[in-house]
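Undergrad: With the hints as a guide, bring both chains together as one complex.
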Amino acid sequence: MTTITNNKEEALIVKEQDVVPLRNRVKEYGVKIGMSILNQTKLITATSELVRNLLKYGGGGKVIIESVSNGRENGVRVTFIDNGPGIADIELAMKDGYSTGKSLGLGLPGTKRLVNEFDIKSELGNGTTVTITKWKNG
Amino acid sequence: MQNNLLGVLKEHENKLLTIWSQILLDGGSEDGAMEEEESKEFASLFLSVLAKSDEKYENSQEFEKVQDLIVGISSSRGKRGFSPRENAQYLISFKEACSQVLSELIQEPEKLYDANLKLNAILDNMMIMTFEAFMKGREDVISRQIDEISEISTPVITVWDGIVALPIIGTLDSSRTQTVMESLLQQIVDTGSSIAILDISGVPAVDSLVAQHLIKTVSATRLMGAECIISGIRPEIAQTVVHLGIDLSGITTKASLASALQTAFEMLQLAVVKRKKIVE
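As you go down the protein sequences, you meet chains A and B in turn. Mapping of the first sequence onto UniProt numbering: position 116 corresponds to residue 116, and the numbering continues sequentially without gaps. Mapping of the second sequence onto UniProt numbering: position 117 corresponds to residue 117, and the numbering continues sequentially without gaps.
Quick caveat, the hints were computed from the structure, so don't treat them as lab data. Just so you know, these numbers come straight off a predicted model, no measurement behind them. Every residue gets a Cβ at the ideal spot worked out from N, C-alpha and C, and that includes glycine. Treat each hint with caution, since some may be false.
Claimed, not checked - Per label pair, the in silico range of CB-to-CB distance: (1) 41/B <-> 125/A: 39 to 47 Å; (2) 271/B <-> 6/A: 36 to 44 Å; (3) 89/A <-> 84/B: 44 to 52 Å.
To be verified - In silico negatives: residues of chain A with every beta carbon more than 10 Å from chain B: (4) 6; (5) 10; (6) 11; (7) 16; (8) 32.
Unchecked claim - Partner residues aside, some chain A positions facing chain B, computed with beta carbon under 10 Å: (9) 37; (10) 44; (11) 94; (12) 97; (13) 100; (14) 107; (15) 111.
Pulled out of the complex, with its shape left as it was, chain B reads as follows (with noise of 0.2 Å):
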């Protein structure tokens, strides 16, 4: 048995579950019980790939089948709430239980220490890969909010008949202005508008690559035979503007929304008439 020290540990599956299980409680896990079915099942594919594969544990077929298991056992508890911590917790319980049973098996300490080193190597390198898989598992619903977020942020609004308005909220970067382009763009043509409110109340700071974006987007406005209205340039981002040296005098800008829309108005020239209340 010389050269499989770690496939004794099958022979005391039970024993090591019992040992697990009381290290994950005391460790102030309180589901111990409730995952014992995922738990079980890992243990002894584990250990029964140990018990069968003699050394080469990092590459044989089976292994693989065991670091699948555990990543899959990651990322559900990553999904079902679990900190990092416990996550991390609940490989390096299974790491001391055996090692517990281990040292009770093994009388030799130098037989002893190859087996608790081998047995860190395998655990340590399955606990970076659950590591990741729970990274993962995070960063996938981060990059789905994004793509989420970058689409209903640019929504476009008819706010009269051939009027399209368009409000930016948050830091306008180059694949930002794109979408915002492309969508102000289509809004033009889908809606037969022939005049745009961007409306920028919501961009915190202007700078030199801000205004060459609505420059941009104003000078494709114009080659559709759109007219453009940049408003809600607050007092502060006025100041800016000028200080940086931009010129923005070819384009039609706006304090707010509203009299950016009389402007509008004014275009197509339509009028808000006051009702008359008819006297009876």
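For reference, chain A alone in the conformation it holds in the complex (with noise of 0.2 Å):
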């Protein structure tokens, strides 16, 4: 299916302090297209919590937030980048309760249950991207 990007930004994450103006702007894109407040909290919880992991495992990145559409329905996509040291087994940090932190090990596989599209890649040694997308009425 293809998407169009109605409008785009990027910010850059290197600090805990960046986290909070993040989530605002991306509460901001779901307002503007007039999610409710149970997507919007789904939105930005995994926002949350990917842009967390970005910080500890990647050292941080960068953030692209997008207003896209389908032609059927409007959405947020959210795509975070850096270039840390990768994940080396996907399926494994996708399983519920692993971590190779001291956390609760839900941060990805819970992400991807409050999203509608999620999409991972990661490369040893070269970063990882992770891809999410919140429906209007998804």
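TA: Spelled out as structure tokens, the structure:
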């Protein structure tokens, strides 16, 4: 399915203080397309999860927020790009309760359940890119 | 005088000041006159240093004095509410005035160019310093505010004998959780409370890290022999937490602070009874 990008912006994330402004930006995108409170909360929670991963494992990186449309519905797409060490075993990382850090191990699998589209690409030594899309009524 | 092209400026200090003041006024600055005192002080010190030291402006001790002075001026201007633009304009106009005076004094183009080049190098460097001072002044204010916010944002309230409540507003990150946990545990000891209510109505989103922090806080309170209730879980937060797969079943959670208080009363075997109206 082809999607059209209506609006786009980039943000650099290097420290924990960048998380809250980014989340607010993502929320604004959701509000603009008329997303329900529930979907907004799911989207910002997913963003928050991934941006924490970006900081913790990727050592910071870039986040792209897009307002997208597939013709029938509008949505928000967020892409997280880091140049960290990458994920050795994506399948394992996507399993509930697995964590290389001391966290609950719910970040990646939980995020996948919160959004409509979830795509992860990672190369050892070359960083990780995660793209999530949340449709307005998804 | 070959090696001190800029030294000649000292002899024309008054003229320079007049031009400078005029440029400042033309540039829309209202108080060209008000700051005349400090401007005079700066100009005279700067020019005398230029006249005294030959060529080695950057390293001389006197030059440090000039820099201290201009840094002081710009930070005081910052505090008095000048905009960054006005702050930058201050030195730029000084440079302009110097150039004007120089072009009248030095006839040979080569020497004039040379003098201007040196002047630019010195004043540009100063401009960077004043800008840094200006920014630092602002940053000091911000970091003071951050400290203040994190201090006042974790008030532990004794709502009843033996019950403390802690409303959390804003994002829970690691450092914040630490403060929250510390003040909560301390308050439990101080008041001898056996029930703590953590109200998260003001937390915009609960992700796995926040949940983990909450679970840790609850475990710590339990270790202290107190029971912890989490209240203020909004419907959308509840659904998000379920989708994320976070297990909060081991924790007593309530939708509102009122129902948490009610549960706390039950735990303490207290009852709120409506008083009977006494009819005479």
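Undergrad: Compare the structure with each hint and give your call.
TA: Checked hints:
1. About 58 Å separates the C-beta atoms of residue 41/B and residue 125/A, a value inconsistent with the hinted range of 39 to 47 Å.
2. For residue 271/B paired with residue 6/A, a C-beta distance near 58 Å fails the hint of 36 to 44 Å.
3. At roughly 50 Å, the beta-carbon separation of residue 89/A and residue 84/B lies within the given 44 to 52 Å, and the hint holds.
4. Distance to chain B confirms residue 6/A as a non-interface residue, since its nearest Cβ pair spans about 25 Å, more than 10 Å.
5. Distance to chain B confirms residue 10/A as a non-interface residue, since its nearest Cβ pair spans about 22 Å, more than 10 Å.
6. Even its closest Cβ contact with chain B, about 16 Å, leaves residue 11/A beyond 10 Å, as expected for a residue assigned away from the interface.
7. Non-interface call for residue 16/A relative to chain B: violated, since the shortest CB-CB distance, roughly 6 Å, does not exceed 10 Å.
8. Even its closest Cβ contact with chain B, about 17 Å, leaves residue 32/A beyond 10 Å, as expected for a residue assigned away from the interface.
9. Given the 10 Å rule on beta carbons, the hint for residue 37/A holds: about 5 Å separates it from the nearest Cβ of chain B.
10. With a cut of 10 Å, the hint placing residue 44/A at the interface with chain B holds, because the nearest CB-to-CB distance is about 5 Å.
11. Checking residue 94/A against chain B: minimum C-beta separation of about 12 Å lies over 10 Å; hint violated.
12. For residue 97/A, the shortest C-beta to C-beta distance to chain B is roughly 9 Å, which falls under 10 Å, so the interface hint holds.
13. Taking 10 Å as the C-beta cut-off, the interface hint given for residue 100/A is violated, the closest approach to chain B being about 14 Å.
14. The beta carbon of residue 107/A comes within 5 Å of a beta carbon in chain B, closer than 10 Å, and the hint placing it at the interface holds.
15. Taking 10 Å as the C-beta contact cut-off toward chain B, the hint placing residue 111/A at the interface holds, the least distance being around 8 Å.
Hint compliance for this structure: hints 1, 2, 7, 11 and 13 are broken, all remaining hints hold.
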